[in-house]
Amino acid sequence: MTDLSRRRLLVGASGLAGLGLSGCDLLPEGPQRGGAYGISDWLTFRAQRWLMRHQPLVREFGPEMISAVFPTINTTDPDDPAYRRSKEAGFSDWRLPVKGLVERPTAFSLADLKAMPSRTQITLHACEQGWSAIAQWTGVPLAHVLAAAGMKPEARFVVIRTVDGWWDSYDLFDALHPQTILATGMNGGPLPVAHGAPVRLRVERQLGYKSLKYLASIEAVDRVDGLGQGRGSMVGELGFSWYAGI
Amino acid sequence: MAADEASSPGLHHPLWVRAAHWIVAASFVTLAVSGTAILLALPKLFWGETGANDAPAWITLPLPVDLEQTGWGRNLHFASAWIFATFGVGYLALALLGGRLWRRLWPDRDQVRLSHLAGEVRAHLSLRGDGAAATAPRYNALQKFAYLAVILLLAPAMLLTGLTMAPGVTAAVPELFTLFGGRQSARTLHFLSALGLVLFLGIHVWQVLANRPGLLLRRMILGRARRESAP
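So the protein lines, in turn, are chains B and L. So the first sequence is numbered by the working numbering: it starts at 1 and just counts up by one. So the second sequence is numbered by the working numbering: it starts at 1 and just counts up by one.
Bound-form chain L, shown alone (with noise of 0.2 angstroms):
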């Protein structure tokens, strides 16, 4: 072990981490698809409680309007669902009590300074990746509030917003509907959420391809290789 960590520096995952990162990553892409093909019934956002197509709308998308999507849509979109909960549930309950979100994801102390997170965003914006963020023995702040915000806000946000929208929850469980502000509200933020989290995909799999990715990819999919080459 002593010797794996010192021919290959850099964070490894364990096989439940690897297995739940690339279950959720394909659920959420089955997710956004399918919630795609059930947004183009009515590609329009509202606040509150209700909203329809000669209601005054907050935000009309740039979409087709598609009513022949939604059955497909539908079915794919609450099977993906349940494996997207289940497994995200999953991983937020072992990180939480392995302690792993805070070893690992939760900023260190020197990384929140201001001068140090001005120097990330000054070498963020450079856009150069150099590979040496593959190697090194922690990530970086930016990478660390960005994990965070999608495994502690951005995720919850789309499950519970989601389930808002089923009325066989909220008839059991009305405070949601307090909490989002309605169920249009809901359903909006069900929207940004999903936005947010597909901006994340984007610069995450950006930041890979532009550090090392062959690496990279073999550590997510294969954990510790053995024979993987020092750097």
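Bound conformation, chain B alone (with noise of 0.2 angstroms):
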């Protein structure tokens, strides 16, 4: 495990400066849904994000705390006939588009995304369902992204929707975390088509399942009460808090 010290290095000037964003803009209500539930969705999102208010990384391990094993759940290998030509591809034709709110719409290829600064980190995936694995994970930051395509003043989220029709989304307190990563590699090596090849989502201070897999687009938008049903993620309708912090 590397020095817990880590954890004190803020988002600071890169990412958020280069956004042109103070602290204030991170905290917008995130979606909420009503009674009791809502309530205590509220109370841990606000407790949680006191707790985390200087934008602490989470722990990195070493190369020898890498798990032999590291489950695979929900889609494993897409079903869907562009996501197979694709991948027969390679990849060489797939493209992420990064729209909504930004100044320049832009489709950004897996050779883009490699050439951007990247970030390797070695974390803990912790899924809801109670297994946790550690692995290392090689991406460009999300804020670096968001950056490139421009992203306006007035965006507060960003919608991330997957091949396999998840989606998903976040405010900019964490997106614009620096451990908030793509990934295209795993452990050294291409992210694994079970893994969500060939770029999924890193958000390392929130449960698994808000790490998503396959990933298809990502908007930049103000508000998340439009989409859908209100509660900004597809797990968010089938009763799922929106925020995972616990």
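Treat each hint with caution, since some may be false.
Said to hold, decoys possible - Reference listing, derived: stretches of chain L covered by chain B, where coverage requires no fewer than 3 residues with Cβ under 8 angstroms from a Cβ of chain B:
hint	stretch
1	62-74
2	179-193
Said to hold, decoys possible - Which stretches of chain L does chain B cover? Using the computed rule of at least three CB atoms under 8 angstroms from a CB of chain B, they are:
hint	stretch
3	46-59
4	154-167
What the hints contain is simulated information worked out from the structure, not anything from laboratory work. Where a beta carbon is used, it is the ideal one built from N, C-alpha and C, also for glycine.
From the two separate chains plus the hints, produce the assembled complex.
Pasting the structure below:
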């Protein structure tokens, strides 16, 4: 495990200032539901955001801690004709559109993403089912991609959709965090198909269900309550919390 | 007041203790039920940081695997946890600051003598409540040990091991991982503490039923009941 003082690093200059944002802009209310569970969600969200007010990094491990067993759940090979064709072509024709509240809507190729500054982190993945595993992830920080597309100041959330029909949203507090990356590599090699090739998201301060696989598009928006049933995510519509820091 | 005390010997409970008792008890029951629902997704326990279905487990619990209970289980678990933590911490703060924990729950010097403890153990092993405990002027030593274990050890362990499983909390307080030896160790200790609390609950209810349940329940609900009869 690396030095815990790493967690004291702030998002600081590179991520936030580059997007012209101050800390206050990072805390809009997320999507909410009514009733007792809505209150409980709100308490958890606010309490955790207060705990993380200095934008800590999660622990990172040494390579000796990488797990021999890293489960793959839900989709492990998308049954989508376009995806299958792209997979056979080694994802050479694959594109990741970044759109919405951005100055320069862009469709990035895998090569574009790999040419960007990358971060490699060995972190603990915790699933809401109870299992946990450690892996090394390599990829460009989402903050860099959003800055490259020129995210507009009025953007407050980032909506991500996947090849297999999942979608989720993230406020800028997490979207711009330095450990939030678009992973194209795992454990030193290319990202395997079962783990979300060609690109998956890593959101290290929330449970695994926020780290979507098989990314299809990224969209910057100012609000998410008009999407779907207004729960902010696909799993939100299945009864799970939008915020998964617990 | 003095007349009430004289007419109904035994220990009474002020309103804040009664309220905390029932609210924490109710939230513990929903925590245990929803916790079991969450556990069914992976009824195996591990030590260290990592653990998964295909990784070697410390214990495989004799429970059915069911991935469909996680959603409602998590919702109910965290809503209940907020209630459990709020009223549990509130009770502990008042009991510590007001001295109640020391006065009522800390064993007296004569109670911790080996001969006395041996007598208590023998009395408990006879498995016969005679109702005397309900009107005793103080709790017996085993009872005090049990309450202290719940209040100072098991309940705080539940809360802290639970928080260790929250990635948003450990991002800010990674020392929790160090304290418990990793996320899966925290999960295992969370289960073992819960088992301890369920065991306590079972014995606690049984002891009430064996020792004048009507009187004890009335006192924990109504406090110093006016029409309470002398034993």
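Consistency of the hints with the structure:
no., hint, in the structure
1, 62-74, "holds (count 5)"
2, 179-193, "holds (count 3)"
3, 46-59, "holds (count 7)"
4, 154-167, "holds (count 3)"
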